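Now for the letters of each chain:
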Amino acid sequence: MFKVRKSTYYLVFLVSCLAMFVAMTLHVRYGQAEAKTGSEYRASLAEKLMITDLCLFTEARYTRHPSMADLDTPFQDHPVSLEHFPSGSFVSPPDFTARLHELIH
Amino acid sequence: MSSFINRHRNIIDFALSSLLRRKIKNISLLGVYTLIIFVLASLIFFVHALRREAALILKNAPDMVVQRLMAGRHELIPVDYGQKISSIRGVQDVVPRLWGYYFDPAIGSNYTVMVPRDNMVQPDNIIIGTGVARVRKASVRDLIAFQAYDKTPLLLMIQQILPYESELVAADLILMSEQDFQSMFNLPKGYATDLAVSVANPRELVTVATKIAEQFPDTRPILKSEILRTYDSVFDWRGGMMIVIMSAAILSFIIFAWDKATGLSAEERKEIGILKSIGWETSDVLFLKFWEGIVISLSAFLCGVLLAYGHVFFFSATIFEHALKGWSILYPQFRLVPAIDAFQLTVLFALSVLPYTVATIVPAWLAASADPDAAMRS
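These protein sequence lines map, in sequence, to chains F and H. Using the numbering used here, you'd call the opening residue of the first sequence number 929 and step up by one each time. Using the numbering used here, you'd call the opening residue of the second sequence number 29 and step up by one each time.
Hints listed in this document are in silico derivations from the structure and should not be mistaken for laboratory results. The model shown is predicted, which means the values in this text are computed figures rather than measured ones. Incorrect hints may have been included.
[Stated by the list, open to error] With a cut-off of at most 25 Å between alpha-carbon atoms, the simulated SDA-like pairs for lysine to any residue come out as follows:
hint, chain 1, residue 1, chain 2, residue 2
1, F, 964, H, 370
2, F, 976, H, 386
3, H, 252, F, 971
4, F, 934, H, 87
5, H, 252, F, 969
6, H, 217, H, 122
7, H, 53, H, 293
8, F, 931, H, 33
9, H, 51, H, 238
10, F, 964, F, 975
11, H, 353, H, 377
12, H, 51, H, 349
13, F, 976, H, 102
14, H, 353, H, 368
15, F, 934, H, 368
16, F, 976, H, 123
17, H, 87, F, 966
18, F, 976, H, 145
19, F, 934, H, 252
20, H, 353, H, 338
21, F, 976, H, 79
22, H, 252, F, 931
23, H, 53, F, 936
24, F, 934, H, 55
25, H, 87, F, 1013
26, F, 964, H, 80
27, F, 934, H, 44
28, H, 252, H, 273
29, H, 51, H, 390
30, H, 239, H, 390
31, H, 217, H, 306
32, H, 87, F, 972
33, H, 179, H, 104
34, H, 87, H, 117
35, F, 934, H, 187
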């Protein structure tokens, strides 16, 4: 009786995974083309309303509008108060802000 | 060529049989390995797609936003400043922005309230984001009761709900007329939240910003490049939560590699000894261990990455949702546009597959170089 080798099973598995990788790449292209209208709408809305930040975290002012936040905002409650909003750990101040701030002031 | 393929197919057959002999150990190893790669790849996909989206959305953000600071805090800015700023050479336009936050005690969530430039909202009406409509269970022409600054009720009718596509920028947004904004917040006359400044030549932005800071020492100009950089640094690997995830993953890889590199079990040494005594060459044994390592690490990499792709782009990264939501009541429900960062995936491949495979080969090479008799007796 013909018996399928274990290596054949593994090769089939590898080829299927690679085919899914190719499908994933195609899905990225298709998804980006499909979402173009939505992305353009978001960009035009941001331009029209002069929006400066994405709506990612609504729990605190400085996480809702991180680019508009004062440099010392996370410590506003007390000079040595620790960050207490979970999303604060995802947002760090850009280096350039600090540098420009120092340059100007 | 065919003899080369046949030789390797035979070795792969043997490697798979060898792995299946220690089924439970290897399946659990594969499961944990896949899980770690899944978490890391999900993070890579999520962050890359989000940064790409931020760059696309914010490419038309104001050239510069001028804030006034008082005692280290953001303060209302006199509209007069705008008139003086517009006389600076190179400044094209200065628009005072009226915006603020409203805490809704009924729901416990925060909204961003904004007055649009053109009169797109009629007095006594509002345009709301889908997030606000969701938490307030409201639809068009419903009345929403707000509390004005003096605790008097302010009833506003929903003129429009922004479409779902706007969720990532406007989920918590309430657009209202200037008149209603004044009734709600009682801003002093002649003041705005900040000023949006357009500059004709982008290369003059820093010069204009320096002039503004010199003329108005109590202001802080924020350039568009800084706004964009903010989103480049969101989910930076140095951030608290990110470093925890990364260190957990790196530590797991070290444990895997350590487990392999510290040596083979007595059973595995015996197996190598038997193989050598029946005529296997050292190179065959090394190929066997190489394929064992590849089967585990490559399978884990492929499955982990594919699962992560589905998790982020088909299921909106549900596993991360609780961490991202934090304590916010109103959380945007958006589906990210698929995007892959090939460089980061290559780095993940190099860091996950290669060390494990190398760590599998090295102790096998040491055992295979020894005398078969000694290896079988050990």
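Here's how the hints hold up against the structure:
no.: 1; hint: F/964 with H/370; verdict: holds (21 Å)
no.: 2; hint: F/976 with H/386; verdict: violated (55 Å)
no.: 3; hint: H/252 with F/971; verdict: holds (14 Å)
no.: 4; hint: F/934 with H/87; verdict: violated (53 Å)
no.: 5; hint: H/252 with F/969; verdict: holds (20 Å)
no.: 6; hint: H/217 with H/122; verdict: holds (18 Å)
no.: 7; hint: H/53 with H/293; verdict: holds (13 Å)
no.: 8; hint: F/931 with H/33; verdict: holds (19 Å)
no.: 9; hint: H/51 with H/238; verdict: violated (67 Å)
no.: 10; hint: F/964 with F/975; verdict: holds (16 Å)
no.: 11; hint: H/353 with H/377; verdict: violated (30 Å)
no.: 12; hint: H/51 with H/349; verdict: violated (34 Å)
no.: 13; hint: F/976 with H/102; verdict: holds (23 Å)
no.: 14; hint: H/353 with H/368; verdict: holds (24 Å)
no.: 15; hint: F/934 with H/368; verdict: violated (33 Å)
no.: 16; hint: F/976 with H/123; verdict: holds (12 Å)
no.: 17; hint: H/87 with F/966; verdict: holds (15 Å)
no.: 18; hint: F/976 with H/145; verdict: holds (8 Å)
no.: 19; hint: F/934 with H/252; verdict: violated (58 Å)
no.: 20; hint: H/353 with H/338; verdict: holds (20 Å)
no.: 21; hint: F/976 with H/79; verdict: holds (21 Å)
no.: 22; hint: H/252 with F/931; verdict: violated (65 Å)
no.: 23; hint: H/53 with F/936; verdict: holds (23 Å)
no.: 24; hint: F/934 with H/55; verdict: holds (16 Å)
no.: 25; hint: H/87 with F/1013; verdict: violated (28 Å)
no.: 26; hint: F/964 with H/80; verdict: holds (13 Å)
no.: 27; hint: F/934 with H/44; verdict: holds (7 Å)
no.: 28; hint: H/252 with H/273; verdict: violated (31 Å)
no.: 29; hint: H/51 with H/390; verdict: holds (23 Å)
no.: 30; hint: H/239 with H/390; verdict: violated (64 Å)
no.: 31; hint: H/217 with H/306; verdict: violated (95 Å)
no.: 32; hint: H/87 with F/972; verdict: holds (10 Å)
no.: 33; hint: H/179 with H/104; verdict: holds (22 Å)
no.: 34; hint: H/87 with H/117; verdict: holds (24 Å)
no.: 35; hint: F/934 with H/187; verdict: violated (65 Å)
In terms of the numbered hints stated before, the structure departs from hints 2, 4, 9, 11, 12, 15, 19, 22, 25, 28, 30, 31 and 35, listed from lowest to highest.
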